[in-house]
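All chains, full assembly: derive it from the sequences and hints.
Keeping their order, the protein sequence lines are chains W and L. Start counting the first sequence at 43; every next residue gets the next number (this note's numbering). Start counting the second sequence at 43; every next residue gets the next number (this note's numbering).
Hints are not guaranteed to be accurate.
It does not matter which identical chain is meant; a pair holds if it fits inside one copy or across any two.
In silico EDC-like pairs for lysine to aspartate or glutamate, Cα to Cα no more than 16 angstroms straight-line [as the list claims (entries may be wrong)]:
1) 436 <-> 410
2) 333 <-> 388
3) 526 <-> 177
4) 575 <-> 557
5) 574 <-> 58
6) 590 <-> 98
7) 590 <-> 102
8) 593 <-> 58
9) 590 <-> 56
10) 593 <-> 98
11) 574 <-> 162
12) 590 <-> 547
13) 240 <-> 277
14) 436 <-> 77
15) 63 <-> 289
16) 526 <-> 498
17) 575 <-> 530
18) 575 <-> 545
19) 436 <-> 418
20) 436 <-> 419
21) 575 <-> 96
Derived by calculation from the structure, the hints in this document are not laboratory data.
Number of protein chains: 2
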Amino acid sequence: MRIALAQINPTVGDLDGNAAKIIDYAERAHAQGADLVVFPELCVTGYPPLDLLESEAFIDAVEASCSHIAEKVPGDIGILIGAPIRNNNKVGKRLFNAALLYEGGALHSETRKQLLPTYDVFDEYRYFEPGDCSEPVEFRGLKLGIHVCEDMWNNEEQVEFHLYGDNPIDALAAAGAELYVNISASPFAVGKHVHRNKIVAESCREHNLPFVLVNTVGANTEIIFDGDSRVHAADGSRIVCAPSFEEALMIWDTADTATRCPMQHDDVVDLHDSIVMGIRDYFSKTGAFSKALIGLSGGIDSAVTCALAVTALGPERVVGVTLPSKYSSGGSVDDSDLLARNLGIDFSRISIEPAVDAFETMLEQSFEGTTPGIAEENIQARTRGVTLMALSNKFNYLLLTTGNKSEMSVGYATLYGDMNGGLAVLSDVYKTDVYRLAEFVNQRAGRELIPRNTIDKPPSAELRPDQKDTDSLPPYEVLDRILKLYIEDQKEWRTIVNMTGYDADVVIRFLNLVDRNEYKRRQAPPGLRVSKKAFGIGRRVPIVMRWKRTKDQPVIQND
Amino acid sequence: MRIALAQINPTVGDLDGNAAKIIDYAERAHAQGADLVVFPELCVTGYPPLDLLESEAFIDAVEASCSHIAEKVPGDIGILIGAPIRNNNKVGKRLFNAALLYEGGALHSETRKQLLPTYDVFDEYRYFEPGDCSEPVEFRGLKLGIHVCEDMWNNEEQVEFHLYGDNPIDALAAAGAELYVNISASPFAVGKHVHRNKIVAESCREHNLPFVLVNTVGANTEIIFDGDSRVHAADGSRIVCAPSFEEALMIWDTADTATRCPMQHDDVVDLHDSIVMGIRDYFSKTGAFSKALIGLSGGIDSAVTCALAVTALGPERVVGVTLPSKYSSGGSVDDSDLLARNLGIDFSRISIEPAVDAFETMLEQSFEGTTPGIAEENIQARTRGVTLMALSNKFNYLLLTTGNKSEMSVGYATLYGDMNGGLAVLSDVYKTDVYRLAEFVNQRAGRELIPRNTIDKPPSAELRPDQKDTDSLPPYEVLDRILKLYIEDQKEWRTIVNMTGYDADVVIRFLNLVDRNEYKRRQAPPGLRVSKKAFGIGRRVPIVMRWKRTKDQPVIQND
Numbered sequence: 043m044r045i046a047l048a049q050i051n052p053t054v055g056d057l058d059g060n061a062a063k064i065i066d067y068a069e070r071a072h073a074q075g076a077d078l079v080v081f082p083e084l085c086v087t088g089y090p091p092l093d094l095l096e097s098e099a100f101i102d103a104v105e106a107s108c109s110h111i112a113e114k115v116p117g118d119i120g121i122l123i124g125a126p127i128r129n130n131n132k133v134g135k136r137l138f139n140a141a142l143l144y145e146g147g148a149l150h151s152e153t154r155k156q157l158l159p160t161y162d163v164f165d166e167y168r169y170f171e172p173g174d175c176s177e178p179v180e181f182r183g184l185k186l187g188i189h190v191c192e193d194m195w196n197n198e199e200q201v202e203f204h205l206y207g208d209n210p211i212d213a214l215a216a217a218g219a220e221l222y223v224n225i226s227a228s229p230f231a232v233g234k235h236v237h238r239n240k241i242v243a244e245s246c247r248e249h250n251l252p253f254v255l256v257n258t259v260g261a262n263t264e265i266i267f268d269g270d271s272r273v274h275a276a277d278g279s280r281i282v283c284a285p286s287f288e289e290a291l292m293i294w295d296t297a298d299t300a301t302r303c304p305m306q307h308d309d310v311v312d313l314h315d316s317i318v319m320g321i322r323d324y325f326s327k328t329g330a331f332s333k334a335l336i337g338l339s340g341g342i343d344s345a346v347t348c349a350l351a352v353t354a355l356g357p358e359r360v361v362g363v364t365l366p367s368k369y370s371s372g373g374s375v376d377d378s379d380l381l382a383r384n385l386g387i388d389f390s391r392i393s394i395e396p397a398v399d400a401f402e403t404m405l406e407q408s409f410e411g412t413t414p415g416i417a418e419e420n421i422q423a424r425t426r427g428v429t430l431m432a433l434s435n436k437f438n439y440l441l442l443t444t445g446n447k448s449e450m451s452v453g454y455a456t457l458y459g460d461m462n463g464g465l466a467v468l469s470d471v472y473k474t475d476v477y478r479l480a481e482f483v484n485q486r487a488g489r490e491l492i493p494r495n496t497i498d499k500p501p502s503a504e505l506r507p508d509q510k511d512t513d514s515l516p517p518y519e520v521l522d523r524i525l526k527l528y529i530e531d532q533k534e535w536r537t538i539v540n541m542t543g544y545d546a547d548v549v550i551r552f553l554n555l556v557d558r559n560e561y562k563r564r565q566a567p568p569g570l571r572v573s574k575k576a577f578g579i580g581r582r583v584p585i586v587m588r589w590k591r592t593k594d595q596p597v598i599q600n601d
Numbered sequence: 043m044r045i046a047l048a049q050i051n052p053t054v055g056d057l058d059g060n061a062a063k064i065i066d067y068a069e070r071a072h073a074q075g076a077d078l079v080v081f082p083e084l085c086v087t088g089y090p091p092l093d094l095l096e097s098e099a100f101i102d103a104v105e106a107s108c109s110h111i112a113e114k115v116p117g118d119i120g121i122l123i124g125a126p127i128r129n130n131n132k133v134g135k136r137l138f139n140a141a142l143l144y145e146g147g148a149l150h151s152e153t154r155k156q157l158l159p160t161y162d163v164f165d166e167y168r169y170f171e172p173g174d175c176s177e178p179v180e181f182r183g184l185k186l187g188i189h190v191c192e193d194m195w196n197n198e199e200q201v202e203f204h205l206y207g208d209n210p211i212d213a214l215a216a217a218g219a220e221l222y223v224n225i226s227a228s229p230f231a232v233g234k235h236v237h238r239n240k241i242v243a244e245s246c247r248e249h250n251l252p253f254v255l256v257n258t259v260g261a262n263t264e265i266i267f268d269g270d271s272r273v274h275a276a277d278g279s280r281i282v283c284a285p286s287f288e289e290a291l292m293i294w295d296t297a298d299t300a301t302r303c304p305m306q307h308d309d310v311v312d313l314h315d316s317i318v319m320g321i322r323d324y325f326s327k328t329g330a331f332s333k334a335l336i337g338l339s340g341g342i343d344s345a346v347t348c349a350l351a352v353t354a355l356g357p358e359r360v361v362g363v364t365l366p367s368k369y370s371s372g373g374s375v376d377d378s379d380l381l382a383r384n385l386g387i388d389f390s391r392i393s394i395e396p397a398v399d400a401f402e403t404m405l406e407q408s409f410e411g412t413t414p415g416i417a418e419e420n421i422q423a424r425t426r427g428v429t430l431m432a433l434s435n436k437f438n439y440l441l442l443t444t445g446n447k448s449e450m451s452v453g454y455a456t457l458y459g460d461m462n463g464g465l466a467v468l469s470d471v472y473k474t475d476v477y478r479l480a481e482f483v484n485q486r487a488g489r490e491l492i493p494r495n496t497i498d499k500p501p502s503a504e505l506r507p508d509q510k511d512t513d514s515l516p517p518y519e520v521l522d523r524i525l526k527l528y529i530e531d532q533k534e535w536r537t538i539v540n541m542t543g544y545d546a547d548v549v550i551r552f553l554n555l556v557d558r559n560e561y562k563r564r565q566a567p568p569g570l571r572v573s574k575k576a577f578g579i580g581r582r583v584p585i586v587m588r589w590k591r592t593k594d595q596p597v598i599q600n601d
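Written out as C-alpha cells, the structure reads:
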C-alpha cells in the first residue's frame with residue numbers, strides 16, 4: 043500500500059482555503075498512486091481554532107467543509123483528515139477532536155482523540171470530550187492504528203508522572219493494529235524533534251509496528267508547528283522524513299522498510315527557520331499589511347529582527363526607521379544605516395527630540411521639583427512607539443516588536459513604547475540566543491549583514507547618558523541561565539542555586555521580578571513561541587497576587 | 043449545631059495574609075459559639091491561583107500554611123477550608139482541589155472536587171485531577187455533604203446539555219448526607235444570584251436537605267466574586283444570607299429552619315457595587331500605587347469611571363486630568379472641570395497640542411501627499427496616553443482605562459492611546475449600561491455628580507471636527523443588543539436577525555468586526571468582569587484567522 047503524508051499549512055478559520063489545499067494535496071497524492079493520504083490534526087479548521095469551536099455556525103460550516111472535501115477528492119483514494127465533530131450525546135463537552143477517514147465520498151471511519159492536552163498553550167478539554175478506546179480501522183486489508191496527536195505521548199516508559207491513565211497506542215496494538223497512523227498538531231520548540239523521534243521509535247519497538255506521523259506545519263499567531271512528519275519502520279528506524287518549516291507531500295510504500303533517513307537538525311538553524319516562518323505566516327495569513335516596519339536602534343535585537351523579517355518577506359517589504367534622541371550614540375544611527383544598506387531595505391531617520399521636548403514642556407508644571415527618572419526615560423520609548431504606530435497606521439505596516447525574552451522576563455521594556463507592535467519576533471529568545479542568531483545570520487550570508495559593531499558593543503537601552511543593561515541586570519549569561527531554569531524547566535530557587543552556585547538572594551530576586559512583571563506581559567503583543575515555555579497564552583500567571591519567594595519558606599517537596 | 047459562614051476576601055498568593063484572615067474569622071466564629079466554620083474554595087491561595095499551582099515551592103508553602111492554620115485555630119471548633127493538595131498517585135494532574143476539615147489541630151476529612159470547570163474563565167482541568175465520588179463526612183453527629191463549587195452545578199433538571207456525567211450532590215444525598223455544605227469561588231455576573239438561588243433551592247427540595255453555601259468575595263485582577271453566601275432550609279427557602287461585595291461572618295443554628303431571608307437585588311446596584319469593589323481590590327491588593335489617575339474627556343465613560351473610583355478609593359486618592367486638543371469642544375473641558383469639583387478630586391489640565399504638533403512636524407516628510415485620517419487621529423489619542431503614563435510613572439498612579447464594552451467589541455479605541463492603563467473599569471459594561479450607571483450614581487448622590495451635559499450630549503471621540511460615534515456605529519441601543527446576543531448569549535447571526543428583525547448585512551458586519559478586533563483586545567489591560575462573558579481570559583479568539591460570516595453559509599444546527 044502507498045501512503046501519502048500531506049504536511050500542510052492550514053490557516054485558522056479559513057475553511058475554504060484549507061479545503062482547497064486538502065483537495066489539491068489529495069489529488070497530487072492520487073496522481074502519485076497513493077492508496078491513502080494522511081493530513082494533520084484539525085487540518086480542516088487550522089490549529090488552534092480556540093473559541094471559534096463554540097460557534098454553532100462555525101461547526102456547521104466545518105461539517106459542510108468535510109462533506110465538500112469528501113466529495114471532491116478522487117474516489118479511489120482514502121483520505122484521513124482532522125476535524126472537530128459534534129458530540130451527539132447530551133452529556134459532556136459538545137465536540138470530539140476526530141480523525142475522519144473518507145473513501146469514495148463516504149465516511150469510512152471516525153476516530154476520536156482520547157487524551158486531551160490541557161496545559162501550557164493547550165486548552166483542549168475546554169472544547170472536547172475525550173473519545174473512548176479506539177479500535178484499529180481496516181483499510182484495504184491493513185489494520186490502521188489511527189490516533190490523534192497526544193494519544194501517542196503517554197507512552198514514555200521513563201516518565202515518572204503520567205498525565206493520563208490510558209495509553210491509547212498500547213490499546214491499539216493489543217487490538218491488532220498493524221500500522222500506527224498519528225495525525226498531529228504538535229507545536230515546535232527548539233529540541234522538540236529529539237523528543238518526538240524518541241517516543242515514536244520506542245513506540246515502534248515496543249509493539250514491533252511501523253509508525254506514520256503527519257504533523258501540521260506553519261504558524262498561527264504565536265504557535266509554530268514545524269512539521270517534521272515521518273515514517274518509522276517497526277524496528278524504530280526512520281525511513282521517511284519530511285522537511286521542517288515547509289509544506290511537503292511524501293509518499294511511503296509500506297513494502298519499503300529498508301530506506302534510512304538520518305536526523306539533521308541544528309538548534310540555531312531551527313530557531314532561525316521557525317521565526318522566519320512565524321513572521322511570514324503572520325504577515326500572509328492576516329493579509330492585512332503592506333510591509334513590515336521595524337524601529338532600528340542600532341542594537342542587536344532590532345538588527346536580528348530586521349534580518350529575519352527580510353528573509354521572511356524580502357527586502358522590498360521591510361522598512362526600517364531609526365528614531366534617535368539626544369542620548370543615542372552616533373554609532374547607533376550609523377549601525378542602523380549600515381544594517382539597512384546591507385539588507386537593502388527602505389530606511390529613514392526621524393529624530394524624536396521635538397515630541398520629547400514637547401512632552402517635557404507639557405509636563406513641566408506637573409513634574410516640578412521631581413528628579414528625572416523612569417518617567418522621563420519612558421517618554422522617549424513611548425515617543426518612538428507613537429511615531430512607529432503613526433507610520434504603521436498611515437501605510438498599513440505591520441510593526442514588529444524587537445524585545446527579547448530576557449528583557450520581557452524582568453520587565454526591562456516600556457509598555458506602550460518599545461513593546462508596541464503586532465507581533466513580537468524575539469520575545470521567546472533569550473538575549474544570549476539573539477547573539478547566536480546574529481552570528482548565524484552573518485555566517486549564512488557569508489558577510490556581516492549585521493554590523494560587527496552592533497554585535498560587539500555592550501547592550502544599552504540608550505535612555506539616559508552612558509546607560510548599560512548591566513547597570514540594572516547581571517551579565518546575560520548569568521541572567522539567562524537563571525531565567526531558563528525557572529521559566530522553561532520550572533525549577534524553584536533552591537534547585538537553581540544548587541545547580542548554578544549563584545547567590546540565593548540574586549536568584550530569589552530575579553524569580554520574584556519575573557512574577558511581578560506579568561502586568562507588562564499581559565499587554566504585550568503575541569510573541570512567536572520557540573521554546574517549551576513561552577510567555578503568553580501558555581503561561582498564565584495572576585497579575586494581582588502576593589506570592590513572593592523568601593529564603594525562609596518551608597521545603598516539603600521542592601522540585 | 044452552630045455553623046459559621048466565613049465569607050472572606052483572600053488575595054491570590056498571599057498565603058500569610060490569607061492564613062491570618064482565616065484564623066481571625068475562626069476565632070470570631072468560635073467566640074460566637076460556632077461548632078464549625080466554613081470558608082470558601084481555595085481560600086488558602088485565593089482564586090484563581092493560575093500557574094502558581096505549577097510551582098512546587100508554592101504548593102510546599104500552601105501545605106505549611108494549612109498546617110499553620112490547623113494549629114492556630116481554637117481546638118474545639120471545626121474548620122473547613124479550601125486548598126490545593128497533592129495527588130500522590132503517579133497518574134493524572136498533580137493536584138486536587140480540596141475541602142479540608144480540621145478539628146483539634148488534626149485533619150478530620152478531605153473532600154476532592156469532582157467537577158472541574160474548564161470553560162470561560164475557568165481552567166481547572168489544567169491543574170486538577172477530578173476527585174472520586176465523595177462520602178458524607180460525619181462531624182459531631184451530623185453527616186455533612188461536603189462538596190466544592192461546580193459539584194453542585196450539574197443538578198439542574200432543565201439543562202439540555204450536561205457538561206458532566208456525574209452529579210456529586212445526588213450521590214452525597216444517596217449516601218446519607220443530612221446537610222449540604224458547598225465551598226465556592228463562584229464569580230459574579232449581573233443576574234447570577236438568581237441562577238444560584240434557583241439551583242440551591244431546587245437541590246434542597248430534591249432531597250429534602252438544608253444547604254450551606256459559602257462563596258468567596260472580592261476581586262482578583264479581573265474576576266469578581268460577589269459572596270452571596272447563604273443557608274437554605276430543606277424546603278428550599280433562604281434562611282441566612284450574607285451581603286454581597288463585602289466580607290461577612292454569619293452564624294446559623296441548624297435548629298433554625300424558620301427564619302426567612304428575601305432576595306434583594308437590583309442589577310444596576312450590583313453592577314455599581316461590583317465595579318467599586320473591583321477597583322478597590324485591584325488598588326489595595328497590588329499595593330503598588332499612591333492614587334488612581336483618570337483622563338477626563340468630558341464624556342460619559344471617563345465620568346462614570348471617575349465617580350466609581352472616588353467611591354472605591356475616596357476623593358483624596360483620585361486624580362483627574364483633562365487633555366484637550368484643538369478638536370475638543372469647550373464644553374468638554376468645562377464638563378470635566380465641573381465633574382472634578384463635584385467629586386472633590388485633584389484636577390489639572392494639560393493641552394496635548396505641543397506634542398501633537400511635534401509629531402506632525404516629525405512625520406511631515408513621511409506623510410507628505412497623504413490625506414489626514416486614522417493615523418492622525420490616533421496620534422492625538424496616543425499623545426494623551428503618553429502624558430497619562432508619564433504622570434502614572436512619575437507619581438505611582440494607577441491609570442484607569444475608561445473604554446466601554448461596546449467600543450472594545452468593535453475596536454472603537456486606540457491601542458497605546460486611550461486603551462492605556464492598569465485596569466479597564468468599564469470594558470465589560472455596554473455603553474447603554476454606562477448611561478444607567480451614570481443615572482444611578484447621580485440618583486444615589488441625590489445630586490448631579492456627573493454633569494447633566496455629560497449624560498445628554500451625543501457621544502464623540504473628539505478626534506476630528508464634529509465627530510460623532512454614530513458616524514461609524516449604529517445607535518448604541520441597536521449595537522448593544524446585537525453585541526449582547528452575540529457575546530454573552532453566543533447566538534449566531536441568523537438567530538440574532540430572527541430575534542431582532544435587524545438587517546442581516548448589518549448583523550453579519552458587526553459580528554465579523556468583533557472577531558477582527560481581537561488583536562486590539564489581546565493587548566488591552568485586564569478588565570473587570572461583570573457579565574457572564576467578558577473579553578479577556580474567558581474569551582479566547584484567535585488573532586490570525588480567516589473565519590468570516592457570509593449570508594450563504596450552510597445551516598445545519600445553527601444555534
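Status of each hint after checking the structure:
1. Only between protomers do residue 436 and residue 410 lie at most 16 angstroms apart by alpha-carbon distance; the minimum there is 11 angstroms, versus 36 angstroms within a single protomer.
2. In this assembly of identical chains, the alpha carbons of residue 333 and residue 388 lie at most 16 angstroms apart only when taken from the same copy (11 angstroms versus 45 angstroms across copies).
3. Taking CA atoms no more than 16 angstroms apart as the test, residue 526 paired with residue 177 passes in neither setting, with 42 angstroms inside one copy and 44 angstroms between copies.
4. Taking identical chains as interchangeable, the C-alpha atoms of residue 575 and residue 557 lie at most 16 angstroms apart only when both belong to the same chain, with a minimum of 15 angstroms there against 27 angstroms between chains.
5. Proximity of residue 574 to residue 58 under the C-alpha cut-off of 16 angstroms is found in neither arrangement, the shortest distances being 32 angstroms within a copy and 32 angstroms between copies.
6. Taking the shortest Cα distances, residue 590 and residue 98 sit within 16 angstroms of each other only across copies (13 angstroms), while inside one copy they are farther apart (44 angstroms).
7. When the C-alpha separation of residue 590 and residue 102 is checked against a cutoff of 16 angstroms, the pair qualifies only between copies, where the shortest distance is 13 angstroms, while the shortest distance within a copy is 48 angstroms.
8. In the homo-oligomer, the alpha carbons of residue 593 and residue 58 lie at most 16 angstroms apart only across protomers (15 angstroms), although the nearest pairing inside one protomer, at 57 angstroms, exceeds that limit.
9. In this assembly of identical chains, the alpha carbons of residue 590 and residue 56 lie at most 16 angstroms apart only when taken from different copies (8 angstroms versus 44 angstroms within one copy).
10. Only between protomers do residue 593 and residue 98 lie at most 16 angstroms apart by alpha-carbon distance; the minimum there is 15 angstroms, versus 52 angstroms within a single protomer.
11. Taking the shortest alpha-carbon separations for residue 574 and residue 162, only the intra-copy value of 8 angstroms comes in at or below 16 angstroms, while the best inter-copy value is 25 angstroms.
12. Only within a single protomer do residue 590 and residue 547 lie at most 16 angstroms apart by alpha-carbon distance; the minimum there is 13 angstroms, versus 52 angstroms between protomers.
13. Taking CA atoms no more than 16 angstroms apart as the test, residue 240 paired with residue 277 passes inside one copy only; the shortest distance there is 12 angstroms, against 61 angstroms between copies.
14. For the homomeric pair residue 436 and residue 77, neither the shortest alpha-carbon distance inside one copy (52 angstroms) nor that between copies (69 angstroms) is at most 16 angstroms.
15. Taking the shortest Cα distances, residue 63 and residue 289 sit within 16 angstroms of each other inside one copy (11 angstroms), while across copies they are farther apart (58 angstroms).
16. Taking CA atoms no more than 16 angstroms apart as the test, residue 526 paired with residue 498 passes in neither setting, with 24 angstroms inside one copy and 55 angstroms between copies.
17. In this homomeric assembly, residue 575 and residue 530 come within 16 angstroms of each other (Cα to Cα) only inside a single copy, at 5 angstroms, whereas the closest approach across copies is 32 angstroms.
18. For the homomeric pair residue 575 and residue 545, neither the shortest alpha-carbon distance inside one copy (25 angstroms) nor that between copies (46 angstroms) is at most 16 angstroms.
19. Taking the closest pair of Cα atoms, residue 436 and residue 418 come within 16 angstroms of each other only across two copies (8 angstroms); inside a single copy the shortest separation is 27 angstroms, beyond that limit.
20. Taking the shortest alpha-carbon separations for residue 436 and residue 419, only the inter-copy value of 11 angstroms comes in at or below 16 angstroms, while the best intra-copy value is 26 angstroms.
21. Taking the closest pair of Cα atoms, residue 575 and residue 96 come within 16 angstroms of each other only across two copies (13 angstroms); inside a single copy the shortest separation is 27 angstroms, beyond that limit.
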